[in-house]
Amino acid sequence: MLGRNIKKDQKGIAGFFFDTPVLLLIIVLLFAFTTSLYQMYVPIQEEKDRIAQDRRCLEIKNRVQDYDQILHDEKDKFSMRKLEALEEEKLESQIRSGEDYRYNLTFEVLESEKSWSFGENLTREEINSESGVSSYRTPVSLVDEGRSSHLGKLKVNVWRG
Amino acid sequence: MVDAVLFGLIILMVSILVFQQFGGALNRERDLESSEFKYEAVHDIQKVALDTIISETGYVNLSESQPKRMRLINITVERAIKDYLYLDNLEQNKEKLEYDLSDLEKDIEQVYEKCAWDVSQYRFALESSYESSELFITNVEELDKEDLPPKRAASTTTLIIEGDRVDSTLFIWR
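Sequences listed follow chains A and B, in order. Residues in the first sequence are numbered from 1 upward in steps of one, following this note's numbering. Residues in the second sequence are numbered from 1001 upward in steps of one, following this note's numbering.
There could be a bad hint or two in this list.
[To be verified] Restricting the straight-line Cα-Cα distance to at most 27 Å, the calculated cross-link-like pairs of lysine-lysine (DSSO-like) are:
{"no.": "1", "chain 1": "B", "residue 1": "Lys-1151", "chain 2": "A", "residue 2": "Lys-82"}
{"no.": "2", "chain 1": "A", "residue 1": "Lys-48", "chain 2": "B", "residue 2": "Lys-1151"}
{"no.": "3", "chain 1": "B", "residue 1": "Lys-1145", "chain 2": "A", "residue 2": "Lys-75"}
{"no.": "4", "chain 1": "A", "residue 1": "Lys-155", "chain 2": "B", "residue 2": "Lys-1114"}
{"no.": "5", "chain 1": "B", "residue 1": "Lys-1082", "chain 2": "A", "residue 2": "Lys-114"}
{"no.": "6", "chain 1": "B", "residue 1": "Lys-1151", "chain 2": "A", "residue 2": "Lys-155"}
{"no.": "7", "chain 1": "B", "residue 1": "Lys-1038", "chain 2": "B", "residue 2": "Lys-1151"}
{"no.": "8", "chain 1": "A", "residue 1": "Lys-77", "chain 2": "B", "residue 2": "Lys-1151"}
{"no.": "9", "chain 1": "B", "residue 1": "Lys-1047", "chain 2": "A", "residue 2": "Lys-155"}
{"no.": "10", "chain 1": "A", "residue 1": "Lys-48", "chain 2": "B", "residue 2": "Lys-1082"}
{"no.": "11", "chain 1": "B", "residue 1": "Lys-1082", "chain 2": "A", "residue 2": "Lys-82"}
{"no.": "12", "chain 1": "A", "residue 1": "Lys-75", "chain 2": "B", "residue 2": "Lys-1068"}
{"no.": "13", "chain 1": "A", "residue 1": "Lys-114", "chain 2": "B", "residue 2": "Lys-1114"}
{"no.": "14", "chain 1": "A", "residue 1": "Lys-75", "chain 2": "B", "residue 2": "Lys-1151"}
{"no.": "15", "chain 1": "A", "residue 1": "Lys-77", "chain 2": "B", "residue 2": "Lys-1038"}
{"no.": "16", "chain 1": "A", "residue 1": "Lys-155", "chain 2": "B", "residue 2": "Lys-1038"}
{"no.": "17", "chain 1": "A", "residue 1": "Lys-77", "chain 2": "B", "residue 2": "Lys-1047"}
Honestly, the hints are just simulated from the structure, not real lab data.
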């Protein structure tokens, strides 16, 4: 191979991996192979992390919707009065997100500027980071003191701490 | 030696193909567990939309000499859908009856538009039918119910009109 004439009795002395051009070719191919594996692995791992984060986002959203006594006046209707009075710490202690995740919640009345926020603030770096933020936005019914119902929005943000 | 090189190359190519297939399988799984949350969101949107109260809506009875507007105060969207289907069916079965139900339809659409699009950024279609009447509402122009996209999520709620079960189905997609 490669124009060199290895005599019959020298076969096996130089050996396959001592043949420099072939060795270089193998190194290049192995490099390409490991690079392609790495490129496949990174997005798969990122996606797995993202799915775990999304699940945690849903979990927190479900907990918020389930807290009847704390947040609701009627079934499935969030009380503006309670949101107004609710101390942030109380909600934090009820809705734990686990050590790996941080979160915040926002309730907003669609027809007005009124909104209530709980939890941590997102920094600009966290918003722009690759792992990103899982966000769930859902319509909710909010009742005021006069028992009138208003269409509102619940937004849950979850990100890795 | 040439055999060894060829053998090595074949192993590498086969390995790459296998790993690409493996990665593809994981990507398909990712699509199913999409981070868009649509399978969860469709139930929330449907539940809240049906319970939402329309402060004032109505319809016009055109079958009398003077058109008569019927006002409906503080009714839920669920009630509005039932009224629409009931009146539309009645109109089609009685020659002398004629209703203008466009306000009722517009107000139902506005609530779904707020819940599905303004809040959650989903395109939507609502489909419901009762005997000969049919209600199809969407925020996509010129979309027929046969043309709904395949990657959609749906939630069906059963309504009762005159003792009959009527399905109202909400579809959402990005």
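Outcome of the hint check:
For a cut-off of 27 Å, the pair hint linking B:Lys-1151 to A:Lys-82 is broken: about 39 Å separates their Cα positions. With a C-alpha separation of about 21 Å, the suggested pairing of A:Lys-48 with B:Lys-1151 holds against the 27 Å cut-off. Restraint check: the Cα-Cα separation between B:Lys-1145 and A:Lys-75 comes to about 33 Å, which exceeds 27 Å; the hinted pair is violated. A hinted pair counts as satisfied when its Cα atoms are at most 27 Å apart, and A:Lys-155 with B:Lys-1114 qualifies at roughly 15 Å.
A hinted pair counts as satisfied when its Cα atoms are at most 27 Å apart, and B:Lys-1082 with A:Lys-114 does not qualify at roughly 32 Å. For the proposed pair B:Lys-1151 and A:Lys-155, the alpha carbon gap of about 24 Å is at most 27 Å, so the pair holds. Distance hint between B:Lys-1038 and B:Lys-1151 is fulfilled; the C-alpha atoms sit about 10 Å from each other, no more than 27 Å. Proximity of A:Lys-77 to B:Lys-1151 is assessed by CA-CA distance (about 31 Å); at most 27 Å being required, the pair is judged violated.
Taking the CA atoms of B:Lys-1047 and A:Lys-155, the gap is about 17 Å. The hint holds against a cut of 27 Å. Proposed proximity of A:Lys-48 and B:Lys-1082 is contradicted: the alpha carbons are some 44 Å apart, above 27 Å. Of the pairs offered as hints, the one joining B:Lys-1082 and A:Lys-82 is violated, with about 33 Å between alpha carbons and a cut-off of 27 Å exceeded. Taken as a hint, the A:Lys-75 and B:Lys-1068 pair is broken in the structure, with Cα atoms around 37 Å apart against an allowance of 27 Å.
Proposed proximity of A:Lys-114 and B:Lys-1114 is supported: the alpha carbons are some 17 Å apart, at most 27 Å. Restraint check for A:Lys-75 and B:Lys-1151: the C-alpha separation of about 32 Å exceeds 27 Å, so the hint is violated. Restraint check: the Cα-Cα separation between A:Lys-77 and B:Lys-1038 comes to about 22 Å, which is no more than 27 Å; the hinted pair holds. For the hint linking A:Lys-155 to B:Lys-1038, the alpha-carbon distance of about 15 Å falls within 27 Å, and the restraint holds.
Between A:Lys-77 and B:Lys-1047 the alpha-carbon distance is near 11 Å, which keeps this suggested pair within the 27 Å criterion.
Against the hints set out earlier in the document, violations occur for numbers 1, 3, 5, 8, 10, 11, 12 and 14.
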